[in-house]
Amino acid sequence: MNLRILLVLIIGSTLIFQGCASKGTELNSSLSQQEVSTVNDPFEKVNRVVFSFNIIFDKIILRPIAVTYKALVPGFVRNRITYSLNNLSMPITAVNNLLQGELRKAGVSTSRFIINSTVGLLGFFDPASSIGLVTETEDFGQTLSVWGVSSGPYLVLPFLGPSNPRDFTGLLSTSLLDPMYQIGGGSAPDSLRTYRLGTGAVDFRSQNVEILDDLQNNSIDYYAAVRSFYSQGRESQAASNLEIDSSDQENDIFDDFEINESYVGPDIEITYD
Amino acid sequence: MTKIRLHIYLLLLFWSFNFTAHSSNFLEEENFVTSFADSAISILSNDTISDPERTSSFTELVMSSIDLNLISKFVLSKAWKNASDEQKENYLIAFKDYFVSSYANKLDQYTGEKVDVIGSQEAGKYVIVESNIVREGTDTLKINLKWRLLNKNNQIKIIDLNIEGISLVIAQREEFQSFLANNDYDLDKLIEKIVSVSD
Chain A
1 MNLRILLVLI IGSTLIFQGC ASKGTELNSS LSQQEVSTVN DPFEKVNRVV FSFNIIFDKI
61 ILRPIAVTYK ALVPGFVRNR ITYSLNNLSM PITAVNNLLQ GELRKAGVST SRFIINSTVG
121 LLGFFDPASS IGLVTETEDF GQTLSVWGVS SGPYLVLPFL GPSNPRDFTG LLSTSLLDPM
181 YQIGGGSAPD SLRTYRLGTG AVDFRSQNVE ILDDLQNNSI DYYAAVRSFY SQGRESQAAS
241 NLEIDSSDQE NDIFDDFEIN ESYVGPDIEI TYD
Chain B
1001 MTKIRLHIYL LLLFWSFNFT AHSSNFLEEE NFVTSFADSA ISILSNDTIS DPERTSSFTE
1061 LVMSSIDLNL ISKFVLSKAW KNASDEQKEN YLIAFKDYFV SSYANKLDQY TGEKVDVIGS
1121 QEAGKYVIVE SNIVREGTDT LKINLKWRLL NKNNQIKIID LNIEGISLVI AQREEFQSFL
1181 ANNDYDLDKL IEKIVSVSD
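Those protein sequences? They're chains A and B, same order as listed.
Residue numbering for the first sequence follows this note's numbering, starting at 1 and increasing by one per position.
Residue numbering for the second sequence follows this note's numbering, starting at 1001 and increasing by one per position.
Bear in mind the hints are in silico, worked out from the structure with no lab data behind them.
Check the hints yourself; a few may be wrong.
[Stated by the list, open to error] No more than 30 angstroms apart at the CA atoms, straight line, and that leaves these computed lysine-lysine pairs for DSS-like:
#, chain 1, residue 1, chain 2, residue 2
1, B, Lys1078, B, Lys1125
2, B, Lys1157, B, Lys1114
3, B, Lys1142, B, Lys1157
4, B, Lys1142, B, Lys1125
5, B, Lys1081, B, Lys1193
6, B, Lys1193, A, Lys45
7, B, Lys1114, B, Lys1125
8, B, Lys1189, A, Lys45
9, A, Lys45, B, Lys1081
10, A, Lys59, B, Lys1193
11, B, Lys1081, B, Lys1114
12, B, Lys1193, B, Lys1157
13, B, Lys1142, A, Lys59
14, A, Lys59, A, Lys45
15, B, Lys1152, B, Lys1125
16, B, Lys1114, A, Lys70
17, B, Lys1114, B, Lys1142
18, B, Lys1081, B, Lys1157
19, B, Lys1193, B, Lys1078
20, B, Lys1081, B, Lys1189
21, A, Lys45, B, Lys1114
22, A, Lys70, B, Lys1142
23, B, Lys1125, B, Lys1081
24, B, Lys1189, B, Lys1142
25, B, Lys1078, A, Lys59
26, A, Lys59, A, Lys70
[What the hints assert, rightly or not] For each label pair, taking beta carbons as the anchor points, the in silico distance ranges come out as:
#, chain 1, residue 1, chain 2, residue 2, range
27, B, Asn1183, A, Val77, 24 to 34 angstroms
28, A, Ile55, B, Asn1082, 41 to 51 angstroms
29, B, Asn1046, A, Thr137, 31 to 41 angstroms
30, B, Lys1152, A, Pro158, 46 to 56 angstroms
31, A, Thr137, B, Lys1081, 37 to 47 angstroms
32, A, Thr194, B, Lys1081, 32 to 42 angstroms
33, A, Ala71, B, Glu1086, 40 to 50 angstroms
34, A, Leu172, B, Asn1046, 11 to 21 angstroms
35, B, Asn1182, A, Asn208, 18 to 28 angstroms
36, A, Val73, B, Ile1143, 29 to 39 angstroms
37, A, Val77, B, Asn1046, 25 to 35 angstroms
38, A, Asp213, B, Asn1183, 47 to 57 angstroms
39, B, Asp1184, A, Ile131, 54 to 64 angstroms
Where a beta carbon is used, it is the ideal one built from N, C-alpha and C, also for glycine.
Between the sequences and the hints, there should be enough to build the whole structure, so can you do that?
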């Protein structure tokens, strides 16, 4: 019963978001008379407010934890944690591989999980990769993109950060689809969920301390930089799922620019001090 | 026993699919990336020079390997064409300083490890060289880098660096466009902002 309600909700919400998506495109097309914009962000004002809130949350809580974690925990152990998080995401990856019709990849994800959970000592090591079992993690947001659902407008979620209706729906559906939560029952799945969410956030943040500090300090518009990073990253994942070369989309953008455009202003010589 | 047999079966089944084809169509460009990465690493790991010296020779290497003029115009997009000559000059000077203070110093995070070139392909006017950096202390945690190169008058220059699907130049362009959209498309305000960030 619950399952059915959730499915209806998911399908319903994706339809609504499709609507939003086309609305966003219309907004953009009216903008394009002034300036070409490929960014779908009709809720920018609200997003910026939530974004500022997230920065404060990050500054006070997440970043200090990540910095401490990085300072206290040796690199070797941190790499083990990264591997174990990757291993825990393999069952849901396998489910999504199947939903995307990727039988071979589903086999790889499943064998990775079996081998790394056993030979790889609960996933803290990755012997599967060394024998050629390599795969990318997949989430339900990516599956929706394979099914043709467009991302919809850019959203910044409180605490969770950059997203969009498609990826947020994917996030909500993950517990429904993840075999790790469905099989077993009891308290074990809850502690796994906590481990994955909490440690996952710290793991991700600790890997990006310098990069995000840098980005924040050097940005002309930090909000727009993060939006671009997120959207580009998700789009390139979607392209690789559909086995499209993501550089093709980029080529169009780069080709837009005329290389031999004659420059009328004074030529600036590039010198280094 | 059955479990072991299952493992072996799975291994045999999937092993053969995982060999990636190495297509080196553009040797010259691939060598360019390899030698750029090697020089970068040798500068960054050189302990015999002082920190400022290391930074300045690294900056020099980066600046001589990229087409900054083209990147400058590209990230400004439409606003470039509408700019006055004076604005263009101010912008180019400001962007150069900004680039040195943000990007040139930022790149050392990605070239600290060995860069393995894994292939190259044509992409319109450009050539894209694909490479991997393996994360320190692991065999398998990799960062994928794609270098967009332009061969103009037999001189190869870097136009863009794409890290795990994220193009730095496109991100920069979207940032500038967003700033302009929120500031009445006033280029002078953008130039002012660029100068203030690089100080």
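Checked against the structure, which of the hints given earlier come out wrong?
Result: hints 11, 21, 24, 25, 27, 28, 32, 34, 36 and 38 break, sorted rising.
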